Every structure is written in structure tokens, then in C-alpha cells.
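J.: Once you have looked at the hints, place chain B on chain Y.
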Amino acid sequence: MRTILSDTLKTSVFLMIRFVRACLLVCALCFALPATAQRTQFCERTNYSAQEITDAVNASVLRDDLKSTSCTLGGLGRFESGGNKGIFNGSCCTGIFQLNTANVRRYADTNREGYACMSLQEQVDAWARLTNDGYNTPAVRRLMEMGTFDGQRVDAGFIASCIQLGPGNCQEMVSSGRCSGFADSNGTTICDMARSARQNSDPNCREGNNSQVCDMGPGDFPTTPVAANPPASSASDIIVGPGQI
Amino acid sequence: MSRLLITALAFMLSGMTSAVQAQSDGAWQTMALSDFREPSTTDPLQTMVWPDAIRDANAYANRELKKNLNGKNAWVTALSTRFEDKSRSIIISTVLTRACESGANHAGAGVERSICPLRIVTLDHGKATILREDRGCYIDPPDAALPAQNQGDSIQARLNPATGQIQMRAIIGGKLIAECARSYPTR
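Residue numbers (this note's numbering), protein chains in the order written: chain Y, 1 to 245; chain B, 246 to 432.
Don't take each hint at face value.
[Claimed, not checked] Using C-beta positions, here's what the derived DEER-type ranges look like:
id : chain 1 : residue 1 : chain 2 : residue 2 : range
1  : Y       : Gly114    : B       : Gln396    : 21 to 27 Å
2  : Y       : Arg63     : B       : Ser285    : 36 to 42 Å
3  : Y       : Cys43     : B       : Lys311    : 32 to 38 Å
4  : Y       : Arg141    : B       : Ala272    : 39 to 45 Å
5  : B       : Arg300    : Y       : Asn111    : 20 to 26 Å
6  : Y       : Arg45     : B       : Ala344    : 34 to 40 Å
[To be verified] Dumping the calculated SDA-like pairs for lysine to any residue here, alpha-carbon to alpha-carbon at most 25 Å:
id : chain 1 : residue 1 : chain 2 : residue 2
7  : B       : Lys311    : Y       : Ser119
8  : B       : Lys312    : B       : Pro284
9  : B       : Lys420    : B       : Ala373
10 : B       : Lys312    : Y       : Arg63
[As the list claims (entries may be wrong)] Derived list of chain B stretches under chain Y, where covered just means 3 residues or more per stretch with a C-beta under 8 Å from a C-beta of chain Y:
id : region
11 : 314 to 325
12 : 329 to 339
Derived by calculation from the structure, the hints in this document are not laboratory data.
Fair warning: this is a prediction, and the values are worked out from it, not measured in the lab.
All C-beta atoms, glycine included, are put in the ideal place defined by N, C-alpha and C.
Bound conformation, chain Y alone (with noise of 0.2 Å):
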């Protein structure tokens, strides 16, 4: 009898010693754990220009009335990675243009460390697979009928932003009628987006074939509704110096 209670009295100690040592990793895992999103380097760092992620544009899947205005993507590159192609964000988004893990599944087919570590050309062929696919959506079609949008030109840079922030989003903007309509979690709206994808670009850039210097300013996007509905003039984002022209 005395033998038998001791038996269980061995089982439950040993029982509870590797409870209490469960509940020790899990707190351990917590603290070690990051409070807040902490970036990540797969493979190597790039540094790829402007110009050379509009190459890769170029050279991409991505429907021609897009690359019409790649010089734009190219900032958009640069905007979103720094011209990194191996960041993880630390929280949803890798790679040249921080495509999302969901999207990083359904159009390349891996995860977020395979798609760091894929080329500059093969994560520009993903995103614009993406791109191509969310050009359907209805709120990138209403946005074109618009022609402008709270004060904004909707360009190829403009319809990229809205699909970049998703679909979803892009339409929650729509439908309040203004770029504030909608803004992530650090506040950059749609419109922020696209300003800061033509102010990152090139201004030298050249599209495809090195011979045309890319023409990045109202009329850049040559869809029917925009080029029959201009912008008025104030509406112009654009600001060219004397010395630009």
C-alpha cells in the first residue's frame, strides 16, 4: 500500500515539475518575444536604384499602361524598401515593394523568407500580378472614372498606391471622397503614398529602352476617362523649377 501511494506521489511531483517547466517557457517565449515589430534581413542587403526597379518593371508582367509611368514605380521600390529586396518589416510585409505574407503566398508561391531571398526581377513579376489583379477591383475602376480625387490627379502612381494599401482599403477612401478616408496605423494615406512614390523616383530616369526620358507629369496616364477628364491646374501636384524643363 505504502509503495503503490508512492508511486503516485513520484508520478505527481514529476507531473507538476514539468508543468511548472511548461509554464516557465511559455513565460520565457513572451518576454522574449518583441513588444513591437522588429525588422528582419533575409538574404542579402540591396540597395537597387530607382532606375533599376523600373527596369525590372519594365521587364515584368505588369499591364503596359502601368509601365506608361514606371519611372513612378521605381520611387514607389524605393519608398516602400529603401531599394531592399530582403526586409521583412517585422510584421506583415518583404520584399522591394512589402508585399503582405497572403499576397506573398498567392502570387509567388512561398513564404516571406523565399520571397526575400527570390531575385529583384522574380518579386517585381509577384507584385505585378497583384497589381494586375487588383487593376479590376472596383475601387481602382472608380478611381479612374474620377480622373481626380480629392484634389489629386489619379495617375499610374495613384492607382499603384490604392492597390498597394489594398483593395479594400483604397475603396474605404473612395467612398469617403477623401484621401483621409483612410490611413494605416502610421497615419500614410493613399495619396501620401503616391506623392512619395514620384517624389522617390528618378529624375532621370529613362523607361525600357533608355530612350525616353520618362514623362512624369499630368497626362502620364494614358487611360480614356483621365486623358478626356484633366485635372485643373490647381489641382496639379507636380512642381517643375525653371531648371527642370
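T.: Quick look at chain B alone, frame taken from chain Y:
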């Protein structure tokens, strides 16, 4: 001392059994992740709930991504929960495919939900019937690379046994996401 230990063990065991029983007792259940890369002829999610989604993803991987899948499936994942309701089983599932509307792609963004195809399927004596097709929220279960505030992220579902209604909700960063709070009738 031994009485204390036995009480502690009994408490731990009761916690485990209540988690199993909660499947259809109206409590919130975290929807579990399934990865369809390994083909299965017995998984009802692959054979009865999402065979068309898997087929489409495989075709896209072959055609657009130029991938040789070597007998595997493309990387399709789904969340699901199974409830027992009277004599039938009910599976509710959302699947991450190109038909989803996902969140932001942006260095300043955090974890966001995707809104994806949703199916509610009943299994009755081996026969599957799609009760409802709709849209519902999807997120991957958290991994260690995510910040502490996202370690409890989940999509949850519960069945009200009295009304037969399934409710879904999402918790991301410790907050309930309003657009993911949805109800679906099953009767």
C-alpha cells in the same frame, strides 16, 4: 502535499476535457489552419470543401508561376472549425486564394485580415452538402517573428445550438475587428 498535487492534476485535466467538449457548446473556437500542399484523398477539406480552389491554384502555379508542382498542390491554406449539430456535422471554412481581398502591402502596415471565400458544408452520413457560400475573414496563425501583440491573433467561430447560427469574429493585436464579425444561418 499529495492532495494538493492531485487537486492540481484534476484541475489541469478538467481544463483539457472542457476544450474538447466546447466544440458544439456555443463557446468560441479558434479556427484551425490546414495546409493543402500535400494532396489527400481523405481530408474532407480537400475533397469536399475546397477541391475547386485547389484546382485553380494548381493551374495558376503551372500557367503563371511556371512551377512544376511534382504531384503536390500549390500552397493553398484554409481555416476551419467543425461543429456537431444534432445528427449532422457542420464545417465552416475560409480559404486563402487569389479571390481574397488582402490588406496593405506597405512597410508601415501591420497584420491585417484577408477577406476570403467562405463555405459552410454539412456532412450527413458521408454526404457533403454546401449550405452556404459567402465571404469571411482569414489570417495566418501567429508565428514567432510577429510582435507580442499579435501572438494571440485568431479567427474564431461558434455555433449557437438553439438557433443553428454560426458566428465568426477576428482578434488581431488584441482587438476585435468589426468587419470580421459576421453571422451565418445553417438551418
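J.: So the hint says 20 to 26 Å: do the beta-carbon atoms of B:Arg300 and Y:Asn111 match that?
T.: holds (22 Å)
J.: Against the range 32 to 38 Å, how does the distance between the Cβ atoms of Y:Cys43 and B:Lys311 compare: consistent or not?
T.: violated (22 Å)
J.: Taking 8 Å as the C-beta cutoff, is the stated coverage of the region 329 to 339 of chain B by chain Y satisfied by three or more residues?
T.: violated (count 0)
J.: B:Lys312 and Y:Arg63 were given as a pair; does the straight-line alpha-carbon distance stay at or below 25 Å?
T.: Since the Cα atoms of B:Lys312 and Y:Arg63 sit roughly 22 Å apart, the hinted pair holds (cutoff 25 Å).
J.: Determine whether the Cβ-Cβ distance between Y:Arg141 and B:Ala272 falls within the hinted range of 39 to 45 Å.
T.: Hint holds: Cβ distance 43 Å, inside 39 to 45 Å.
J.: Take a look at whether the Cβ-Cβ distance between Y:Arg45 and B:Ala344 falls inside 34 to 40 Å.
T.: At roughly 35 Å between Cβ atoms, B:Ala344 and Y:Arg45 fall inside 34 to 40 Å, so the hint holds.
J.: Given a hinted range of 21 to 27 Å, is it respected by the beta-carbon distance of Y:Gly114 and B:Gln396?
T.: holds (23 Å)
J.: Quick check: do three or more residues in the region 314 to 325 of chain B have a beta carbon closer than 8 Å to a beta carbon of chain Y?
T.: holds (count 3)
J.: Going straight from one Cα to the other, do B:Lys311 and Y:Ser119 come out at no more than 25 Å?
T.: Answer holds: B:Lys311 to Y:Ser119 is near 15 Å, not above 25 Å.
J.: Next pair to validate is B:Lys420 with B:Ala373; report whether the Cα-Cα distance is within 25 Å.
T.: Between B:Lys420 and B:Ala373 the Cα gap is close to 35 Å, so the pair fails against 25 Å, i.e. violated.
J.: Holds or violated: the 36 to 42 Å window for the beta-carbon distance between Y:Arg63 and B:Ser285?
T.: holds (37 Å)
J.: Given the hint that B:Lys312 pairs with B:Pro284, does the C-alpha gap stay at or below 25 Å?
T.: holds (16 Å)
Taken one by one, the earlier hints fail for this structure at numbers 3, 9, 12, listed in ascending order.
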